[in-house]
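There are 4 protein chains.
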Amino acid sequence: MTEQLAVAVLGAQGRMGIEAVKAVEAAADMKLVAALGRGDSLDTLLDAGAKYVVDLTVPDSTEANVRFAVEHGMHAVVGTTGWDAERLAALRGLLAANPESGVLIAPNFALGSVLASAFAAKASKYFESVEIIELHHPNKVDAPSGTAVRTAQLIAAAREEAGVPASPDATNTALDGARGCDVDGVRVHSVRLRGLVAHQEVLLGGPGEQLTIRHDSFDRASFMPGVLLGLRNVASHPGLTVGLDGYLDLGL
Amino acid sequence: MTEQLAVAVLGAQGRMGIEAVKAVEAAADMKLVAALGRGDSLDTLLDAGAKYVVDLTVPDSTEANVRFAVEHGMHAVVGTTGWDAERLAALRGLLAANPESGVLIAPNFALGSVLASAFAAKASKYFESVEIIELHHPNKVDAPSGTAVRTAQLIAAAREEAGVPASPDATNTALDGARGCDVDGVRVHSVRLRGLVAHQEVLLGGPGEQLTIRHDSFDRASFMPGVLLGLRNVASHPGLTVGLDGYLDLGL
Amino acid sequence: MTEQLAVAVLGAQGRMGIEAVKAVEAAADMKLVAALGRGDSLDTLLDAGAKYVVDLTVPDSTEANVRFAVEHGMHAVVGTTGWDAERLAALRGLLAANPESGVLIAPNFALGSVLASAFAAKASKYFESVEIIELHHPNKVDAPSGTAVRTAQLIAAAREEAGVPASPDATNTALDGARGCDVDGVRVHSVRLRGLVAHQEVLLGGPGEQLTIRHDSFDRASFMPGVLLGLRNVASHPGLTVGLDGYLDLGL
Amino acid sequence: MTEQLAVAVLGAQGRMGIEAVKAVEAAADMKLVAALGRGDSLDTLLDAGAKYVVDLTVPDSTEANVRFAVEHGMHAVVGTTGWDAERLAALRGLLAANPESGVLIAPNFALGSVLASAFAAKASKYFESVEIIELHHPNKVDAPSGTAVRTAQLIAAAREEAGVPASPDATNTALDGARGCDVDGVRVHSVRLRGLVAHQEVLLGGPGEQLTIRHDSFDRASFMPGVLLGLRNVASHPGLTVGLDGYLDLGL
Numbered sequence: 001m002t003e004q005l006a007v008a009v010l011g012a013q014g015r016m017g018i019e020a021v022k023a024v025e026a027a028a029d030m031k032l033v034a035a036l037g038r039g040d041s042l043d044t045l046l047d048a049g050a051k052y053v054v055d056l057t058v059p060d061s062t063e064a065n066v067r068f069a070v071e072h073g074m075h076a077v078v079g080t081t082g083w084d085a086e087r088l089a090a091l092r093g094l095l096a097a098n099p100e101s102g103v104l105i106a107p108n109f110a111l112g113s114v115l116a117s118a119f120a121a122k123a124s125k126y127f128e129s130v131e132i133i134e135l136h137h138p139n140k141v142d143a144p145s146g147t148a149v150r151t152a153q154l155i156a157a158a159r160e161e162a163g164v165p166a167s168p169d170a171t172n173t174a175l176d177g178a179r180g181c182d183v184d185g186v187r188v189h190s191v192r193l194r195g196l197v198a199h200q201e202v203l204l205g206g207p208g209e210q211l212t213i214r215h216d217s218f219d220r221a222s223f224m225p226g227v228l229l230g231l232r233n234v235a236s237h238p239g240l241t242v243g244l245d246g247y248l249d250l251g252l
Numbered sequence: 001m002t003e004q005l006a007v008a009v010l011g012a013q014g015r016m017g018i019e020a021v022k023a024v025e026a027a028a029d030m031k032l033v034a035a036l037g038r039g040d041s042l043d044t045l046l047d048a049g050a051k052y053v054v055d056l057t058v059p060d061s062t063e064a065n066v067r068f069a070v071e072h073g074m075h076a077v078v079g080t081t082g083w084d085a086e087r088l089a090a091l092r093g094l095l096a097a098n099p100e101s102g103v104l105i106a107p108n109f110a111l112g113s114v115l116a117s118a119f120a121a122k123a124s125k126y127f128e129s130v131e132i133i134e135l136h137h138p139n140k141v142d143a144p145s146g147t148a149v150r151t152a153q154l155i156a157a158a159r160e161e162a163g164v165p166a167s168p169d170a171t172n173t174a175l176d177g178a179r180g181c182d183v184d185g186v187r188v189h190s191v192r193l194r195g196l197v198a199h200q201e202v203l204l205g206g207p208g209e210q211l212t213i214r215h216d217s218f219d220r221a222s223f224m225p226g227v228l229l230g231l232r233n234v235a236s237h238p239g240l241t242v243g244l245d246g247y248l249d250l251g252l
Numbered sequence: 001m002t003e004q005l006a007v008a009v010l011g012a013q014g015r016m017g018i019e020a021v022k023a024v025e026a027a028a029d030m031k032l033v034a035a036l037g038r039g040d041s042l043d044t045l046l047d048a049g050a051k052y053v054v055d056l057t058v059p060d061s062t063e064a065n066v067r068f069a070v071e072h073g074m075h076a077v078v079g080t081t082g083w084d085a086e087r088l089a090a091l092r093g094l095l096a097a098n099p100e101s102g103v104l105i106a107p108n109f110a111l112g113s114v115l116a117s118a119f120a121a122k123a124s125k126y127f128e129s130v131e132i133i134e135l136h137h138p139n140k141v142d143a144p145s146g147t148a149v150r151t152a153q154l155i156a157a158a159r160e161e162a163g164v165p166a167s168p169d170a171t172n173t174a175l176d177g178a179r180g181c182d183v184d185g186v187r188v189h190s191v192r193l194r195g196l197v198a199h200q201e202v203l204l205g206g207p208g209e210q211l212t213i214r215h216d217s218f219d220r221a222s223f224m225p226g227v228l229l230g231l232r233n234v235a236s237h238p239g240l241t242v243g244l245d246g247y248l249d250l251g252l
Numbered sequence: 001m002t003e004q005l006a007v008a009v010l011g012a013q014g015r016m017g018i019e020a021v022k023a024v025e026a027a028a029d030m031k032l033v034a035a036l037g038r039g040d041s042l043d044t045l046l047d048a049g050a051k052y053v054v055d056l057t058v059p060d061s062t063e064a065n066v067r068f069a070v071e072h073g074m075h076a077v078v079g080t081t082g083w084d085a086e087r088l089a090a091l092r093g094l095l096a097a098n099p100e101s102g103v104l105i106a107p108n109f110a111l112g113s114v115l116a117s118a119f120a121a122k123a124s125k126y127f128e129s130v131e132i133i134e135l136h137h138p139n140k141v142d143a144p145s146g147t148a149v150r151t152a153q154l155i156a157a158a159r160e161e162a163g164v165p166a167s168p169d170a171t172n173t174a175l176d177g178a179r180g181c182d183v184d185g186v187r188v189h190s191v192r193l194r195g196l197v198a199h200q201e202v203l204l205g206g207p208g209e210q211l212t213i214r215h216d217s218f219d220r221a222s223f224m225p226g227v228l229l230g231l232r233n234v235a236s237h238p239g240l241t242v243g244l245d246g247y248l249d250l251g252l
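Chains as they are written, first to last, in full-length UniProt numbering: chain X, 1 to 252; chain U, 1 to 252; chain A, 1 to 252; chain S, 1 to 252.
Chain X extracted, bound-state conformation (with noise of 0.2 Å):
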């Protein structure tokens, strides 16, 4: 029988961590062996034997949580913003003295958003047009998401490699915002709804056809197969890795 993976989940009591405590017990090839929340003694993880540590903290914390854990021979999975150029270049240093852990920071561990933007860079050099809806609550206070964004870049990065021209659009009259907004050269429209939690649409058309790449999140639990597949993987992927696509099986 398989041993089970010793976790430790880091910021146990916020929203996200209550959810990873609960993944992690129903996990049948892990064992959580320790949940911290504010104030708690990062040497309990030794004490408790901690083999993986799942970072969900705050950015004040994350660096030195990290530290710690790859100090300690342990692999680590950060869901924790604020990791800049900076923190990075230090991580990687640390790691270089410390080779056999692994560290996978991701900013969204959301599997089926990662693919989504993955599928939509990888097919936007075949068509003419590519355009993107992200669609949110009404209390979200920015426009567009991030996570449409970076969709974006991804798209635009792939388009100019190919040498794919901007897409098509004979607009000469519009309202003030009709067309959406533009980054990098792909147009991003925000709708915001009631009732709604985080959705994305990217749309590619070509003569008579269009591919539609749609990715929904009703629930926070949808990050919890990631941050599972994350803890599985990160030991056999020593160093640092950005992005939970480092670790998926993309190659077609």
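Below, computed lysine-lysine pairings styled on DSS-like, alpha-carbon distance capped at 25 Å:
(1) A:Lys22 / U:Lys125
(2) X:Lys140 / U:Lys125
(3) U:Lys22 / S:Lys140
(4) A:Lys140 / X:Lys22
(5) S:Lys125 / A:Lys140
(6) S:Lys22 / X:Lys125
(7) S:Lys125 / X:Lys22
(8) S:Lys125 / X:Lys31
(9) U:Lys22 / A:Lys125
(10) A:Lys125 / S:Lys140
(11) X:Lys125 / U:Lys140
(12) S:Lys22 / U:Lys140
(13) A:Lys31 / U:Lys125
(14) A:Lys22 / X:Lys140
Hint data in this document are derived by calculation from the structure and do not stem from the laboratory.
Keeping the supplied structure of chain X fixed, place chains U, A and S upon it in accordance with the hints.
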């Protein structure tokens, strides 16, 4: 056996006229008695015994065509644009003097599109949020589409009458255009994509639920069922009717 | 200032009841005066001064609850199942003797779902083809859903009344089940997918066009606007009303 | 300046052939040197200096056409059906003796459709649930479509290889056909609707999320970008390639 309707098509060489000729010829309850193009004399209608006229000409011709039809006791189904308030007033006067004639002027003959707009307006007072996405081929020069503007106006009027507040929106940071344009308080987003024809989605959202009403127009043929429905009903609707919805049984 | 409605929730510890308690408490024009669970005495309603009762209990209790409410001059909004023809007849008799009370029995309180079914039935006589796709979570034990069956029946009745022939279908070679099931001549397809809650699409097709009416229920909260709408309207609808659509302004 | 590809279209009077002639004529990097119909001699290809052949003929002719092309040092892009295992083996033998010729045999030239199937198969091992809905015009005689069957087979193979269990389904009471048909364990639903052309949706679901990959084919023109892509790449792919995906850059 029921007598066939004696139908003449004006503007028979135009794109819509060609479809109308085919549709009338294919309808078992109709007989095409004349198909007039630019320069043909309206007197041909009398020789041919036309009782019903379909006008799919140009703004410069349509008023004289309809006047001729009404003055000679025919009914008219009109898809030509250019009927401003002055022309409509004059036509109402003419019809008052010819009370047996019926005239239908319809800016949109696509049954599905007319139904979609009516349903969206009716539903809109029961939902907190409503937005419109319209999608067209990239050769379209205006944004948003005329149909989207009219749908937004119908929705805005229905919500105002019912005292429904504006759709909630917490956006405080946005790229220019991300949230679409504003038509009477309703957000409208215009997508332009190769491969598309004419499509519209009205999204209505409330706590935990969404209602979506979408219409796709793939082909000019989509207007013909509406033209035929107009011809079959115009005689029983003497006077002027503006909008195909006046002939639809939409009471629920 | 308008007086608040004095509302009691029966079945307040059930999943729906918990939502109803929250919704009534959050409504500015209502006051929650009682929240009864299994075993609580109905006499509590009198002491609390309840004028409106929301019954979200079980088939074994609902009839006695509604009888008590009507006999004591209250109005009742009922979401519990189990109201067969015999029970409805008895209730009509009771209401004839208590003509000031109103009772609404609604199998479905999701406004969007009720509207979607009504719109689909109304539109269906204008299109050659109609099919239904319903999509639910994979724990659902029956297929198709009750809502899909009712929608298909409404559509079938509307088309029969209008003399619309069956949807065209040239299929002569099919894998078993490919074309869905047949409900009164309407094809219904049932999708079961992890992550979904309750969703339904009615697809209507004619030459060159499609009308799609889709309802998504993401959350039990979607039923509460319908419950509140019922409470606000039940007093002005004395006697028995079956179906929330009886209170909706659907005339177009 | 790059030399234009000298292209001949075989089956030039068929529905696909007519589109191919137009597409080749419109492509700046190609020159149409011959357009052959039924009964025309293949020797015309030599006189015309054809270097590339598009075969859109019939199963009875395609093998001889391709053989002629290969034996005369041309490359061939083939959309005709009828290439069974025996014919493919013979063609491989022929190409072994003519190693500079490339032949592409593609059952489907719609880029978007090929991409959609590849993406769906790739994604399917990351989701608990997967189902397919295909939608076509009502004159189609078979259900499900060949593309849906192939997509289901690709998905089933990908999931089996990854050890993913069957999609969960608690259905224990169903009307006959409600849950669609079963293709290698994947549920497929076939909708037939007037107004549609050829459409397919793959729905993938996990906890709290859904990924939808949809392809719409509105028009035969949708096949032409794939034919042109085939022509542009066939010379650099000597030997036999089956399936347009062999030429697509799908590594992610």
